Amino acid sequence: MSGGPSRRAALAALAAAATAACSSRPDGASPPGAGGASSAGSAGSSPSGTSPAPTPSSSTTGPEPSPAVPAFPAVPAAAAYALLPGEVEPACKQAALDAASAALTVDAAAPSAASGPLEPLRALVPTGSSTALEVVYPQYGGLDAPRRTASVMLVADLLVAGATAGTAAGATAAAPERRSTTVDLRLTSEGGRWSVTQVLVPELPAAAPAGQLPEQTRQLLATDRVVLPGSARADLLAGSVHPAVVSTLLELSQTWRLHVQVLTSGHPVNVFATDRVSNHTRGRAVDLWALDGVPVVEQDRSPWREVVEAATALGASEVGGPQDLGGRGQFTDQVHQDHLHLGFGRA
Amino acid sequence: MTTRAPGRGRAARLLPRPSALSAGGIALALLLAGCSAPAAEDAPPAGARSGGAETGAGGPDVEVSAPERLPGVVSSDDVATTDDPLAAWAEQTAAEPAQVTSTADGAVQDVLWFPPAEPGGPLLVHVHSWSDDYTQEVGIPLARWAEQEGWGFVQPDFRGDNAGPDSTGSELTSQDVVDAIDLAVAEGGADPERVYVTGYSGGGMASLLLAGRHPDRVAAAAAQVPVYDLVSWYAYSREAQPEARYTADIEAACGGDPTADPAAAQECTSRSPASVAAAVRDAGIPVLVTHGAGDEVVPVADGLRAFDDLADEADRVGATAVGELPAPTGDELTATRFTDEDPPVLFARSSGDVTVAVFDGGHELVYYPALDWLARVDAASRA
Numbered sequence: 427m428s429g430g431p432s433r434r435a436a437l438a439a440l441a442a443a444a445t446a447a448c449s450s451r452p453d454g455a456s457p458p459g460a461g462g463a464s465s466a467g468s469a470g471s472s473p474s475g476t477s478p479a480p481t482p483s484s485s486t487t488g489p490e491p492s493p494a495v496p497a498f499p500a501v502p503a504a505a506a507y508a509l510l511p512g513e514v515e516p517a518c519k520q521a522a523l524d525a526a527s528a529a530l531t532v533d534a535a536a537p538s539a540a541s542g543p544l545e546p547l548r549a550l551v552p553t554g555s556s557t558a559l560e561v562v563y564p565q566y567g568g569l570d571a572p573r574r575t576a577s578v579m580l581v582a583d584l585l586v587a588g589a590t591a592g593t594a595a596g597a598t599a600a601a602p603e604r605r606s607t608t609v610d611l612r613l614t615s616e617g618g619r620w621s622v623t624q625v626l627v628p629e630l631p632a633a634a635p636a637g638q639l640p641e642q643t644r645q646l647l648a649t650d651r652v653v654l655p656g657s658a659r660a661d662l663l664a665g666s667v668h669p670a671v672v673s674t675l676l677e678l679s680q681t682w683r684l685h686v687q688v689l690t691s692g693h694p695v696n697v698f699a700t701d702r703v704s705n706h707t708r709g710r711a712v713d714l715w716a717l718d719g720v721p722v723v724e725q726d727r728s729p730w731r732e733v734v735e736a737a738t739a740l741g742a743s744e745v746g747g748p749q750d751l752g753g754r755g756q757f758t759d760q761v762h763q764d765h766l767h768l769g770f771g772r773a
Numbered sequence: 010m011t012t013r014a015p016g017r018g019r020a021a022r023l024l025p026r027p028s029a030l031s032a033g034g035i036a037l038a039l040l041l042a043g044c045s046a047p048a049a050e051d052a053p054p055a056g057a058r059s060g061g062a063e064t065g066a067g068g069p070d071v072e073v074s075a076p077e078r079l080p081g082v083v084s085s086d087d088v089a090t091t092d093d094p095l096a097a098w099a100e101q102t103a104a105e106p107a108q109v110t111s112t113a114d115g116a117v118q119d120v121l122w123f124p125p126a127e128p129g130g131p132l133l134v135h136v137h138s139w140s141d142d143y144t145q146e147v148g149i150p151l152a153r154w155a156e157q158e159g160w161g162f163v164q165p166d167f168r169g170d171n172a173g174p175d176s177t178g179s180e181l182t183s184q185d186v187v188d189a190i191d192l193a194v195a196e197g198g199a200d201p202e203r204v205y206v207t208g209y210s211g212g213g214m215a216s217l218l219l220a221g222r223h224p225d226r227v228a229a230a231a232a233q234v235p236v237y238d239l240v241s242w243y244a245y246s247r248e249a250q251p252e253a254r255y256t257a258d259i260e261a262a263c264g265g266d267p268t269a270d271p272a273a274a275q276e277c278t279s280r281s282p283a284s285v286a287a288a289v290r291d292a293g294i295p296v297l298v299t300h301g302a303g304d305e306v307v308p309v310a311d312g313l314r315a316f317d318d319l320a321d322e323a324d325r326v327g328a329t330a331v332g333e334l335p336a337p338t339g340d341e342l343t344a345t346r347f348t349d350e351d352p353p354v355l356f357a358r359s360s361g362d363v364t365v366a367v368f369d370g371g372h373e374l375v376y377y378p379a380l381d382w383l384a385r386v387d388a389a390s391r392a
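Line by line, the protein sequences are chains A and B.
Our numbering puts the last residue of the first sequence at 773; the count rises by one with no breaks.
Our numbering puts the last residue of the second sequence at 392; the count rises by one with no breaks.
Honestly, I wouldn't trust all of these hints.
On the chain A side, residues computed to face chain B include the following (Cβ under 10 angstroms) [unchecked claim]:
| hint | residue |
| --- | --- |
| 1 | Ser621 |
| 2 | Thr623 |
| 3 | Arg702 |
| 4 | Asp713 |
| 5 | Ser743 |
| 6 | Val745 |
| 7 | Gly752 |
| 8 | Gln763 |
Think of the hints as simulated: they come from the structure by calculation, not from any bench.
All values derive from a computational prediction rather than experimental measurement.
Glycine included, every Cβ here is placed at the ideal spot set by N, Cα and C.
All chains, full assembly: derive it from the sequences and hints.
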């Protein structure tokens, strides 16, 4: 069991501090600013690309390190996330966000709050670290018609602060590491109140041997025109994404900057509330939650219509979005109010 | 008598299927059909396809693919009947004849079918109309579309035309269709969860009966100008089309005049889609009902009643004539998948899992809205 008594956490922090004092961050991220503020909201620094319009908030800091005494790392400051206007069943998404944020805002000095159905989230928190969650987007993976059960696929950056080593001359603290994270939270509603009943943390696939990735996959991984969360990046590195998905994303990215929510990892294996295998599972589909930095759920501002038509023209056989535009394979439902689904189904 | 939409062509013999042509012929046939060749399974999309409108401002210079249609073919009225329908099927489609033994009573039923392009592909089931059988040439454009799209196709016999107790909406007929589906699944690799059924008139009736009796075997149904209630249709036919065969057929199937004999009425009811509407609705099976406003064989009231029985209470039409109904909105039209190439839609509504489109036409199967609607359901089923 992790998250044991604080004494155990303190020992882990000591070990982490020893390491942190001798090494610098491999990604060269800037150190946190005064008061422990992190680089939250910097799209360029986030593997997930972060929210297009992050809203920094007041920081949440842990205890100041005692002079000359190794200390617990402070809880990183994370940008707050506010649900966007137009979300379907916002109470459901808010419940998912609240639960995930509470479970992953971890002070190394204190026991983790992740328990019950949220316990799988503990595995995301390194021993001895303090963490906070910075939400990129909570997208529906499913919502049944009566709105009693749902899947919310949460893409976020987990801000991980290792232990710090404080001295009388001044504390040294590495900037929190950003770890792109995708989790699938399952929720149910009883009496109008949503609660998380299960959390699925995807096991990311192993990368394919070097040199075996198709050229277009390498291009997709390299371009900054397609913002990929870590889970989607892992799918691409594994070589498990269908070439039609890859080429379509590359083609669309010539015109729009695409914000990917999920390819395979992190999406429900089956179409939600059915026993039909999703084309995401087969590597034949992608969900886009924002276009040119504008969330799809902001339907009047988002260029989602143009992208739908272009994707259809490029051969996508499943194109879900906020409205049914009438083209072949185009569809809408309450789940697809917050993203575009581009799929390339087996005939 | 049927009412034809304006500007429609005469019944025409269809082009030979592209696979029976030379490479140049394929290109010509596709050009005529306003379409491009289906992409190879694992080939990335090659970019823009021909046909259709351009995207809106700010989009790339691509064109949107339009539904691929056979030239001159809009509805069943555009398909000629020949003296040798099996020869027409052989010339124009990939369908091959086979036989299926009923799992209900061991009777052997004929079927025309082909498998999907690859295992796990969807299956289109066309159930023939009242007075026809598995050779009905109305199914040829459906088979052509299925082949083009990589879907499997089945057009089964289910006790032939509706002229007796074994046919005419019996439980046996629905099992016959299921047995034909099983053939395509077992021998053709069709995905049993991606089975889509359509038919018109008696085929619309058979589609709804299949969905209600075997909801686990049907992913969606497009019921066109469906016979919905044999009792009321008997009464209508006796008054409106006494020269037609339908009243005699119903009496033979149900054991008498259902308007006078309670036992016959009960039998007719059990063979009517109205008796399974609740099962269809409860199973959540998507249904498209299309009906010609000028249909004089099966009145439009039947289609509207089918919609009402499948719709949420607040959305029910409660009308028997199109003149009582409002013109469709843009979103309502979109949901029907009718385009400018199809007959004008006079009324449309969606509610829950059912959509109805009343079009300016008669007793006919309108091909491409139904096919596009089924394809859309299939697309959404994998998201």
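Now the hints, each set against the structure:
For Ser621(A), the interface hint is violated, since its Cβ never comes within 10 angstroms of a Cβ in chain B; the closest pair sits about 25 angstroms apart. At its closest, the beta carbon of Thr623(A) sits 22 angstroms from a beta carbon of chain B; the interface hint therefore is violated under the 10 angstroms criterion. Interface hint status for Arg702(A): upheld, as the beta-carbon distance to the closest one in chain B is roughly 6 angstroms, under 10 angstroms. Satisfaction of the interface hint for Asp713(A) is found here, the shortest Cβ-Cβ separation to chain B being roughly 9 angstroms, below the 10 angstroms cut-off.
The criterion of a C-beta within 10 angstroms of any C-beta in chain B is met by Ser743(A), whose closest approach is roughly 6 angstroms, and the hint holds. A hinted interface residue such as Val745(A) counts as satisfied when its beta carbon comes closer than 10 angstroms to some beta carbon of chain B; here the least separation is about 7 angstroms, so the hint holds. For Gly752(A), the shortest C-beta to C-beta distance to chain B is roughly 4 angstroms, which falls under 10 angstroms, so the interface hint holds. Checking Gln763(A) against chain B by beta carbon gives a least distance of about 13 angstroms; that is not within 10 angstroms, so the hint is violated.
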